[in-house]
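Trainee: Chains as they are written, first to last, in numbering that gives the first Met the number 0: chain A, 0 to 320; chain B, 0 to 346; chain C, 0 to 511; chain D, 0 to 348.
Just so you know, these hints were derived from the structure itself, not from any lab. Warning: the hint list may mix true and false statements.
[Said to hold, decoys possible] Derived pair list, reagent style DSSO-like, types lysine-lysine, alpha-carbon separation capped at 30 Å:
1) B:346 <-> B:323
2) B:188 <-> B:114
3) B:299 <-> B:59
4) B:220 <-> B:184
5) B:267 <-> D:154
6) B:318 <-> B:191
7) B:114 <-> B:65
8) B:346 <-> D:154
9) B:267 <-> B:163
10) D:154 <-> B:191
11) B:267 <-> B:307
12) D:154 <-> B:250
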Amino acid sequence: MNIRARLLRWETLLLAMLVVIAGLNIAYSPFYLGVGNIVNLFQLSIEKIIVALIMTLIIICGEIDLSVASVMGLASCVTAWLFQMGWPMPWALVAALAVGGVAGLINGFWTAYVGLPSLAVTLAGLIGYRGVARILVEDRAIGGYPLWFNNLGQQPQFGPLTISIVIFLAMFAIMAVVLHRSALGRLVYVMGNNLQAARYSGVRVRRVKLLLFVASSMIAALAGLLYAARLGSVRGDMAQGFELDVITMVLLGGVSIFGGSGNLLGVGLSILVILNLRNGMGLADITGNTQTSVIGALLILSVLVPNMARMIHTRWKGRET
Amino acid sequence: MKKLLLATAAAAMLALIVPHGAKAQSAVTGGKAVDMVLLPKFLGILPFDQAHQGAEEAAKELANSKKLQYLGPTPENSVAGQIEIVTNAATQGVGAIMISNNSGDQIVPSAKAAKAKGIKVVTWDSPIPSAEGEDVFVAQVDFSETGKIMADMALSILGKDGGKFAILSASPDAANQNAWIDAMKNALKDPKYSKLELQGIVYGNDQSETSYNQALAMVDKFPGMKLIMAPTSVGIVSAAKAMQDEKLCDKIKISGLGVPSEMLAYTKNGCAPQFALWSFVDLGYLSYYTAYALATGAIKAEAGASFKAGRMGNYAITKDPTRKAGLRILMGPFSLYDINNVEAAAK
Amino acid sequence: MSWTAAQQRPGGAATAPPILEMRGIAKRFGATQALDDVSLTLRAGEIHALLGENGAGKSTLIKIMTGVYQPDRGEILLSGQPIAIGSAAEAQRHGIAAIYQEPLLFPDLNVAENIFVSHQNRGVVTNWRKMFREAEAILATLGVTLDVRSPARGLTLAAQQSVEIAKAISLNVRVLIMDEPTASLSAHEVGQLFRLVRDLRDQGVAILFVSHRMEEVFQIADSVTVFRDGRLISTRPAAEVSPQSAIADMVGREMGLFQRRAPAPKGEKLLSVQGLGRTGVFSDVSFDLHRGEVLGFAGLIGAGRTDIGLALFGIEPATAGQIVLNGKTETIRSPRQAMSLGVAYVSEDRRQLGLSLPMSISANISLPVLSRYLTRLGLIRTSQERDTAEGFRKRLSIRTPNVELPVAKLSGGNQQKVMLSKWLNTHPALLILDEPTRGIDVGAKAEVHAMIGELAAEGIGIILISSDLPEVLAMSDRVLVMREGRQMAILDGGAATSQTVMTAAMGQEFAA
Amino acid sequence: MKWLQRHIRPEQVRELSLLLLIVAAVLIFGSMIDGYYTSRTFNRITSSVAIITVVAVGQTLVVLTRNIDLAVGSIVGCTAYFTGAQLAAHHGMPPVVAVLIAMALGCVMGAINGALVAYGRVPSIIVTLGSLAIFRGILIDYSGARTVTTDSLPKWLLELPRLNFVTIGDLDIRAMFALAVGIVLLFQIGTSFLNVARQFYAMGSNPDAAELIGMPARRIVFSAFVLSGTLSGLAGFMFLARFGSITVEAARGMELQVVAAVVVGGVNIFGGSGTVFGAMLGAIMIGTLEQSLFRLQISEFWRDAILGLLILLAVASDAVILNRLRAIWARTDLKLVARDSASPAEAKR
């Protein structure tokens with residue numbers, strides 16, 4: 000790859016954005032560079048970015064999982080409900096992960112084995128899993144978990160890092176290896192590019208899809224539990240609406256919604272861009288709709304500006320000859 | 000001069016209702032620079048904006064050179080957004096933060112972290128249920144009182160013979176609505192209200208379209224229902240509109256908590272003959288005074304402390320009887336609105 | 000079928016007025032000079048064949064003529080007037096239409112609408128009844144029976160090509176460009192197509208005909224132009240050109256046409272199929288295949304040849320009959336299982352079903368047997384992958400700077416070789432080749448043929464499904480002829496001639 | 000039967016299976032709920048789906064071109080609020096002007112999306128995910144946290160939802176529902192018979208081919224978004240009329256309801272196939288489930304779980320029915336083609 004191609008790469012653009020945003024943050028807020036702030040910056044969105052990693056694989060594979068936020072909610076509600084019923088916390092956690100796995104099996108079964116579009120299946124899941132969570136906790140807020148559980152989400156365990164951040168970093172490394180070095184990752188790309196060709200090459204496409212949906216839901220369940228640990232209290236609306244934020248991160252990372260292209264480096268950078276932007280704006284007392292509008296505009300501009308540059312470039316070139 | 004007289008008169012009157020055990024009032028001296036954040040449940044809703052006005056008014060009176068930051072999340076991101084704002088405020092090391100808590104106990108870890116950094120955490124409108132991480136809650140009204148008021152309104156609308164009614168709430172997770180509904184259920188145990196029969200609770204998620212559809216559906220689901228009690232300003236308007244559109248106002252009345260300017264038409268045409276609310280402007284004003292007093296060290300967050308909150312007069316911190324723990328400042332009282340006073344209040 | 004220009008009209012059309020003149024056209028893509036000072040004249044009532052290996056610049060020229068690309072230099076004259084063709088729509092307004100090698104249909108629109116979709120002056124409102132009627136009429140002149148109301152999704156390649164042709168005919172064009180229109184047609188359909196092309200020619204349409212099938216070119220063309228490496232090598236009346244000289248011009252050296260493969264010694268019995276069938280698709284197919292044998296599958300498109308391949312490979316499993324492989328009765332249910340039994344199926348549609356185009360050559364080749372390239376942790380050993388790919392690059396002379404290149408950047412012939420490599424890498428005992436030379440140039444074709452011979456000699460049993468009859472005849476030891484889902488005959492190499500095969504394919508039963 | 004199969008394709012009766020499912024749902028609910036078959040039930044369902052249906056028509060057009068418009072909820076909210084504010088300020092405004100204002104505003108917002116997608120070449124999901132937030136943000140700023148209240152609106156507007164278009168026996172067909180059905184009919188006929196509209200299908204079916212044969216690809220995508228925006232604007236007006244009090248939260252999350260209606264209605268999310276009629280049936284299907292579930296004597300907390308399950312079942316059984324139909328057609332097709340192709344060959348001999 001020559002230098003120009005490298006410069007025009009999506010990841011380079013994201014890196015440039017990240018540098019600019021970090022620079023502005025440093026310039027405008029004395030609090031930005033504090034260790035506590037940097038930890039908070041991750042910590043405040045840690046569940047979303049964990050889910051964004053597996054969502055990357057799902058979208059590259061040409062599918063989508065809209066039910067992740069509801070599964071997050073469901074998992075935390077299952078734990079809360081079982082805990083309230085008197086289960087020991089560890090078992091309640093295991094049960095919640097298992098419930099996540101079941102949700103993934105349901106998504107995967109209808110998508111891979113019945114052949115329904117994943118958008119439709121997981122849209123039903125978005126409503127349905129949230130509904131099950133609601134049945135479990137109704138209008139209650141359930142708290143009072145053992146201290147060790149709350150500490151998992153709230154207290155630093157590894158130097159200044161919380162266990163969630165460590166899980167995220169580990170999972171990023173694992174996902175990067177899976178996506179870019181392993182057989183599964185290769186199959187994910189192949190299926191996203193051309194599902195029929197994969198099938199005609201003897202790839203067990205159904206099994207791979209099922210696996211991805213199960214992984215997606217189980218990771219979402221884990222993220223839901225981390226969220227519950229961080230907040231220390233569980234309600235029926237846990238993580239509601241997170242799916243759009245997660246998908247935004249993945250798309251800004253340069254992953255095509257039609258599957259087949261994108262990489263984890265891009266998603267990692269896009270996560271950093273969004274988190275730093277949010278943090279910087281938060282420290283500059285910009286919140287609410289202004290913040291979401293800025294991120295929305297960034298999302299559009301990040302694709303629009305390079306496109307426009309390319310168009311102008313080709314038009315100029317056309318004039319030369 | 001006249002104003003001053005009025006204010007003094009009001010203060011004197013209020014001093015009478017200040018609860019027992021009030022010590023001598025601490026003086027709240029203005030002119031100190033304190034970074035303060037007012038955090039509504041989310042942006043774009045009238046009551047919170049009114050509270051903001053009240054807080055600004057207080058800020059001006061107290062000549063705080065630091066600008067009051069009115070920061071809030073978007074509605075769809077309320078919980079996570081509130082937590083984020085509290086956390087960032089802690090990072091910035093502001094002096095005080097005033098939260099209309101929409102996150103139940105989920106905000107506790109971040110509020111505790113803020114408190115640990117020496118930030119005064121005042122809640123208003125909606126408290127932290129467990130009171131952990133909270134210095135004091137500025138209660139608009141007594142939450143048990145709310146239940147009684149709602150039962151009273153129901154009885155006065157339905158008449159002595161009572162009748163069946165149902166509740167249209169916000170979301171199942173709305174802590175103050177849940178508290179009020181519980182209070183009402185408690186109140187209903189009083190034989191005075193024995194003729195009132197609660198048929199069920201329905202949720203409109205504080206969205207006008209959902210509330211509207213839910214109100215219509217209630218008509219079918221609860222046969223014989225004569226009243227919809229909606230302790231939410233969004234729900235009550237939508238329910239009233241729904242009954243009006245279906246020409247059911249003769250059979251089914253609407254009541255609850257509503258903003259007079261939004262309810263005017265329905266009170267006038269008899270769909271919603273009576274409803275209640277408190278002044279959000281005053282609530283914002285009082286919250287600011289409280290937070291400022293705490294942040295400047297004029298008072299301490301402990302039962303018995305009292306202070307003079309500008310035009311609103313004297314207030315004291317007491318234990319919150321409606322929660323297991325926590326302190327509160329009770330603003331009160333309710334304003335009841337009906338055909339006689341709604342027009343004036345709507346202006 | 001004739002191998003020379005026997006049916007050519009005397010005198011040619013060299014004197015007819017030129018309709019479209021391309022003068023000194025040049026086009027460069029990055030470092031590649033795709034076209035270099037090319038001039039070509041198309042005359043009314045003339046079928047002009049354009050020959051050249053893939054990458055010779057034929058497609059670029061066609062795309063310039065249809066307004067997809069703009070030339071860097073040179074001018075285009077239409078009836079003597081210089082014109083600019085800025086877009087496909089503009090080309091259409093000038094009466095220039097093209098039929099591409101890969102059908103460009105709209106899978107969700109029905110057949111009739113596909114035929115009329117590019118009409119600019121369809122009016123405001125669609126008159127479906129009229130459109131169906133006209134579509135049926137046009138297809139009838141083509142001798143094709145299709146349900147014009149059915150969506151184009153799911154049509155076979157041949158049917159799709161028929162729709163493309165119908166589309167061009169419906170436009171009343173003055174210049175018709177046909178880029179490999181016969182690539183997926185069977186001999187019978189080709190005959191009908193040629194009848195139609197001649198009709199168009201007689202109506203004064205100028206036709207540019209691109210094909211890799213020599214015998215067809217000389218059957219129909221009035222004049223022949225050969226491109227090589229973006230340059231025009233020769234333009235001559237067809238009568239003065241022989242297939243051999245044309246090929247020499249194309250590749251720059253002398254080269255033989257299809258050599259009949261010397262029959263290899265028959266090995267033991269590999270596959271025995273008894274009464275194989277799939278409900279509603281094909282039925283009662285029985286044959287044996289020995290190691291080292293090439294069994295040709297001939298028949299019209301849609302006769303069920305591909306479906307047998309798909310059944311043996313487990314994509315669309317058979318519902319009746321018996322498959323005995325290596326002496327064991329097997330029920331093949333999935334491609335995975337088929338592969339484990341040593342079956343490989345090289346699909347006819349390399350873009351849709353064969354390759355993952357944006358991915359590298361090496362990744363495509365290793366895909367079916369990825370497990371072979373894994374470390375114990377399930378990671379891919381890319382160096383080993385690359386070595387395999389390099390091996391095949393040498394063995395099949397795949398022309399590419401390196402094996403990390405995306406397959407999309409290769410020419411059709413080289414893509415086909417990648418496909419072949421991919422399946423050879425599974426070390427198959429039974430290799431099913433479905434149209435292995437569709438749309439690839441003469442040179443590559445010869446290489447594929449040589450490869451088939453080598454593989455057979457190594458003892459692989461090969462099923463060769465092809466609509467290119469000379470190819471089937473030259474390569475096969477025996478030929479199985481299908482018609483409408485039924486097996487019509489199995490002809491021994493000696494008995495298989497174009498005559499006997501066609502008769503069987505058209506519905507005459509032979510005693511095998 | 001043969002004749003039927005020759006002239007009607009499964010794709011054309013695609014909506015039939017959904018219609019059957021709706022009828023089945025109504026029958027099942029009817030047997031479970033007392034007094035279900037009343038004009039009131041009909042009214043509840045039709046009124047609740049009218050607005051969604053109008054937006055779903057626009058969404059269908061966008062989805063047909065292989066795009067998606069997630070900004071519709073924000074557009075509906077913005078137009079409802081803005082039109083409401085204008086009507087509150089100018090009571091004498093003629094109804095037509097109010098409708099036009101709403102549609103014009105929606106049109107402008109749709110045009111912004113469309114321009115970015117078609118001419119800026121930004122994927123639609125990115126554009127509309129962004130503008131979903133931006134439009135809502137503009138609305139929150141513009142509103143100054145004020146609510147458009149019912150009493151500030153002119154009387155004719157408030158009476159609009161109660162207006163009957165026609166009354167058949169006990170059934171009142173409300174004007175808003177009639178309007179929605181009218182729009183569906185208009186666009187159904189348009190997309191079936193207008194050559195310009197057929198290009199939407201072509202674009203979504205094979206964008207490369209569309210461009211190659213000289214279709215104005217960008218203009219098609221652009222106009223799909225403009226139409227979606229305009230229809231959302233109209234829906235915004237209907238929203239204003241129906242709900243009266245408009246906060247900045249109006250129609251938040253509607254995009255998911257609309258996408259659900261479109262997907263359940265059988266519009267292929269990857270473009271090229273599906274009809275606006277199907278989208279309406281999808282909206283009616285979901286509306287029926289929602290409204291009927293409410294009538295069941297079950298806990299408020301059980302509704303969403305059952306709704307999710309029913310939507311999944313609807314999509315699945317729809318797919319199953321359609322596949323069955325296709326299989327039946329394919330089998331007869333084969334016979335027909337076999338017979339047809341046999342004849343010319345024999346004639347030749």
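Trainee: Next, verify each hint and record whether it holds.
Mentor: Evaluation of the provided hints:
1. B:346 <-> B:323: Roughly 39 Å separates the two Cα atoms, so the pair is violated.
2. B:188 <-> B:114: With a Cα-Cα distance of about 39 Å, the restraint between residue 188 of chain B and residue 114 of chain B is violated, given a limit of 30 Å.
3. B:299 <-> B:59: Given that 30 Å is the threshold and the Cα spacing comes to 23 Å, the pair holds.
4. B:220 <-> B:184: holds (20 Å)
5. B:267 <-> D:154: holds (15 Å)
6. B:318 <-> B:191: The given pair, whose Cα atoms are some 29 Å apart, holds under the 30 Å limit.
7. B:114 <-> B:65: holds (20 Å)
8. B:346 <-> D:154: holds (21 Å)
9. B:267 <-> B:163: holds (23 Å)
10. D:154 <-> B:191: This hinted pair is violated, its Cα atoms lying about 41 Å apart.
11. B:267 <-> B:307: Roughly 38 Å separates the two Cα atoms, so the pair is violated.
12. D:154 <-> B:250: holds (22 Å)
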